[in-house]
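The listed protein sequences correspond, in order, to chains A and B. Taking numbering that gives the first Met the number 0, the leading residue of the first sequence gets 0, the next gets one more, and so forth. Taking numbering that gives the first Met the number 0, the leading residue of the second sequence gets 0, the next gets one more, and so forth.
Don't take each hint at face value.
Straight-line distance between alpha carbons at most 27 Å, and here's what the computed DSSO-like set of lysine-lysine pairs gives [claimed, not checked]:
1) 160(A) with 109(A)
2) 16(A) with 159(B)
3) 35(B) with 43(A)
4) 393(A) with 35(B)
5) 35(B) with 384(A)
6) 154(A) with 159(B)
7) 43(B) with 384(A)
8) 9(B) with 384(A)
I should point out that these hints are in silico values taken from the structure, not numbers from a laboratory.
These are the residues of each chain, in order.
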Amino acid sequence: MSGRTVAEKILGRAAGKPGAKAGDVLEVTPDVVMSHENTFLVDKAFEQFDLERPWAPDKVVVVLDHRSPANTVQTANAHARIREIVRRMGIERFYDVGEGVCHQLLVEKKLVRPGQLVLGADSHTTTVGAVGAFGAGIGATEMAGIWATGETWLKVPETIKITMTGHLERAVFPKDIALYLASRLGPSGADYMCMEFSGIFLFDISISGRMVLCNMAAEMGAKAAIAPADSTFGAWSPECASLNSGACTSDPDASYHDIIELVAEDISPMVSGPDRVESGRGVEEFEDIEVDQAFIGTCTNGRLEDLIAASWVLKGNKVATGTRLLVAPASKSVLSDALSMGVIQTILEAGGTILPPGCGPCLGAHEGVLASGEVCISSSNRNFKGRMGSEDAKIFLASPATVAASAVKGRIEDPRRWLNVDL
Amino acid sequence: MLTCEGRVWKFGDDVNTDLIIPGRYLDNYDPDHLAKHAMEGISKDFASEASPGDVIVAGSNFGCGSSREQAVVALRGHGVKAIVAVSFARIFYRNAINLGMHVYQSPEAHSMFADGDVISLDSEKNRLRSVDGSREVMLADMPTRPREIVDSGGLIPYVKHIMLERKV
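With the sequences and hints as input, model every part of the structure.
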C-alpha cells in the first residue's frame, strides 16, 4: 500500500476514517468554520432548522470584512443583525469592522492549527493551507447545514504537488510564482484537487508568502492548497515546533495526480489581465498601459511583508499625477506593525491613501470602485470583468512591489528598476 | 424529478460568478433584486428575457470564482432549474445542488445545442432534446449524494430529514 497525502490524512481524521484515500466520499466534522457578511444568509437558512445555536459555537468564526465599515444602509442592517446573532448564539470568535480580512485573522490570531479541517463560506479559504490546515470554500446554505449538524460530505481530493528548484531573482515574489503557476495550469487546471506546495524552496518562503500561494490556488480551481508543516511553523506558533508533523505532511511514497517542478529562474515579475487570472506574462509586456488606480491589500497581498515591499519602492518617490494609490492593510495588527515601522508614513508621504483593514475595493463594493474605462493594477487575486466596479474598467494583477512601482510611474512598471537591493 | 421546456442560454468556458452576479449588487439579499442583474456581465438579454423552463448550457468550469451563493439564487430567480455544462467549478456545483438546482456534466451538449434552441429536459430519463426532435443528448446521472440532495429539494430539506431520522 502506498503512503498517504496530507489531504488524505486530514480528511480521514476529520471523518474518523484514518484509512481514507482520494476518491472516497466522507462525512466530515470541521475543526473550524468561518463566514463573513454572508453569515446573514447562513442564519436565514439556519433558521429553518429551528435550532438555537450552532452545534459547537466555539468552532465558529465570524468576521465582518467584505463591506466593512458598512457601505450602505442594507449592509449596516446586515451587520447589526450579525452582531445580534453572534451575541445570542454565544459565538465568541467574532471580529467586527476594522479587525481585518477573515483569512488573515484565521492565521494571525491562530484560530487554525496545522492538520485541521477548515470550511469557510469564502472561496479563498484555501489560504489557511499556509499553516498546514486543509481549508475549502463552501456556500452559505451548506454552512447552515454544518451549523445544524456539525457535518458535511466531502470527496477526498487527489493532490498535485508543486516543487521548485533554483533561486528567485530580484523583485520576484510569491505572487509572481502564483501568477506564473496560474498561467501554466489555467483557471481549472487544479479543479477539485488539493495543491501541495512542497520541497526545499518553501524554507525561503515565509508563512505570509505561503498564504499568497495557497490563496491563489483558488484561481486554478483547487479545493484546497497546503504547505505541509515544517520548522517555519515554530516561529509562527511555538507550540507547533513540537507538533507531530507526521499528521500534517505527506508520506514520501504518497501518490500524486501530478507533480509540477518549477524552476525559480523561469519566473520574473508577472502581470495578469485584464479579465483572466491565467493571462499572466512578464511585466515588460504591459509597460505602456496607463494606470488610474493602484491597489495594495486583500487576503492575497495585504500583509506586513507586502506593505514593506511596497514601501521600498515608494521611499523618496511620489505617486504619479493622475494615479491614485490605495492601501488596505489585511488586519489591524498589520496596520499597527506597519505604523510602528514607519511603513505607513512612507506610503502617505508618497501620496498613498490608507483604507481601513478589510477587503477594500477588491470585490467592487466600496472604497475605490472603478469608473468606466479606468485601469487598475491590484495586488488582489481576481481581475474578472466588472469585479471592482464598471464592466468597462480593466484590472491587472501583480505583486505589491509591481503595484507600487506602477503607482509611481503612472503606467505598469517593472519593479526591478525600483528595487536595487537583493531581497 | 424535473421536466422543463424552454430555450437554451448558451455560454462559453470559465463563466465566473462576478459575471453571473457582480459583487456590487450583493448588499441586497432580495432574490428578485439579484435576478434583475443575473448574467449582467456576459449577456444583455438574459435578465430581461430568461423564463421558467429555460436551461443554461455552458462550457467548462462554469461558476468559477467567488463562493457567493447568490449566483445560483440570481439564476433561479428566473425559473432556471437546470444547468448543463462541460464541467463546473466546485463551490458553484455544491451551491447549486444545495439550492435544489439540477446540474449535469455533459461533454456533448455544448457542441450540440445553440443559443436560443427550444429544448426539453427530463431528469427521470436523463435526456436533453430539441423539441423538434432533431437532436438529443443523454445526460450522465448526477453522483449519488448530489442526486439525493437535489431530489429532496435542496440541502435544507435533506438535512431536516436526516435530523428527523436521527431523532427516531
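Structure-based check of all given hints:
no., hint, result
1, 160(A) with 109(A), "holds, 26 Å"
2, 16(A) with 159(B), "holds, 25 Å"
3, 35(B) with 43(A), "holds, 21 Å"
4, 393(A) with 35(B), "holds, 24 Å"
5, 35(B) with 384(A), "holds, 18 Å"
6, 154(A) with 159(B), "holds, 22 Å"
7, 43(B) with 384(A), "holds, 15 Å"
8, 9(B) with 384(A), "holds, 19 Å"
Hint compliance for this structure: every hint is met.
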